[in-house]
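Construct all of the structure, not just a fragment, from the sequences and the given hints.
Chains as they are written, first to last, in our numbering: chain A, 98 to 202; chain B, 428 to 538.
What the hints contain is simulated information worked out from the structure, not anything from laboratory work.
The beta carbon of each residue, even a glycine, is placed where N, CA and C say it ideally should be.
A few of these clues could be false.
Just the calculated beta-carbon pair ranges, DEER-fashion [to be verified]:
hint : chain 1 : residue 1 : chain 2 : residue 2 : range
1    : A       : Pro115    : B       : Ser492    : 45 to 55 Å
2    : B       : Gln468    : A       : Ser127    : 20 to 30 Å
3    : A       : Glu151    : B       : Leu522    : 15 to 25 Å
4    : B       : Gln445    : A       : Gly163    : 47 to 57 Å
5    : A       : Asp159    : B       : Thr441    : 45 to 55 Å
6    : A       : Ala194    : B       : Ile439    : 36 to 46 Å
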Amino acid sequence: AQRVTQPEKLLSVFKGAPVELKCNYSYSGSPELFWYVQYSRQRLQLLLRHISRESIKGFTADLNKGETSFHLKKPFAQEEDSAMYYCALKNDMRFGAGTRLTVKP
Amino acid sequence: DAGVTQSPTHLIKTRGQQVTLRCSPKSGHDTVSWYQQALGQGPQFIFQYYEEEERQRGNFPDRFSGHQFPNYSSELNVNALLLGDSALYLCASSLSASALHFGNGTRLTVT
Numbered sequence: 098a099q100r101v102t103q104p105e106k107l108l109s110v111f112k113g114a115p116v117e118l119k120c121n122y123s124y125s126g127s128p129e130l131f132w133y134v135q136y137s138r139q140r141l142q143l144l145l146r147h148i149s150r151e152s153i154k155g156f157t158a159d160l161n162k163g164e165t166s167f168h169l170k171k172p173f174a175q176e177e178d179s180a181m182y183y184c185a186l187k188n189d190m191r192f193g194a195g196t197r198l199t200v201k202p
Numbered sequence: 428d429a430g431v432t433q434s435p436t437h438l439i440k441t442r443g444q445q446v447t448l449r450c451s452p453k454s455g456h457d458t459v460s461w462y463q464q465a466l467g468q469g470p471q472f473i474f475q476y477y478e479e480e481e482r483q484r485g486n487f488p489d490r491f492s493g494h495q496f497p498n499y500s501s502e503l504n505v506n507a508l509l510l511g512d513s514a515l516y517l518c519a520s521s522l523s524a525s526a527l528h529f530g531n532g533t534r535l536t537v538t
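What follows is the structure in structure tokens.
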């Protein structure tokens, strides 16, 4: 079955520490993967997409087809990164369950 | 640009009733997708409309239906409401295959 798995519901790190939010997918074709973020009291919004291979707010994500992963990384977390993060597979419009990231001062 | 707007923001219905939720897409967007998000869960895809037709559908029963109008706005209808339909309903618009732009959602409570 096609799915998107985010194994951690909660992730807590200290400011300045590296952070990695995990995402694994299952899809038989060529995947189109996105990361969306929801800050407190804001709407869900796009963070980045694998096709563009860009860095947004210091975050990057690399598609690893061998491991079927699309982990989101940032070398130095900031308090303003605290939010809910969702990995999404655009091919079948599927979202993961989300990871709540808390960056402590 | 107001972005994606949804109405109403909150709604309380009784089991067995019917409900209609509305969505206006971001200016220039032609595709509308609907999601259901239960508490503590990720958004679950209901369906997507493009050119006034349902283009893709998730694993939701026929009680969930929709419509897209010529101005690209959309409605989500749910018939014979169940307690389990209580959730946040999100509308997202996009331009064809681009990324999704979400509204703030409609919180539906079924009692």
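Tested hints:
no., hint, in the structure
1, A:Pro115 / B:Ser492: 45 to 55 Å, "46 Å, holds"
2, B:Gln468 / A:Ser127: 20 to 30 Å, "27 Å, holds"
3, A:Glu151 / B:Leu522: 15 to 25 Å, "19 Å, holds"
4, B:Gln445 / A:Gly163: 47 to 57 Å, "48 Å, holds"
5, A:Asp159 / B:Thr441: 45 to 55 Å, "49 Å, holds"
6, A:Ala194 / B:Ile439: 36 to 46 Å, "26 Å, violated"
In this structure, the one hint that does not hold is number 6.
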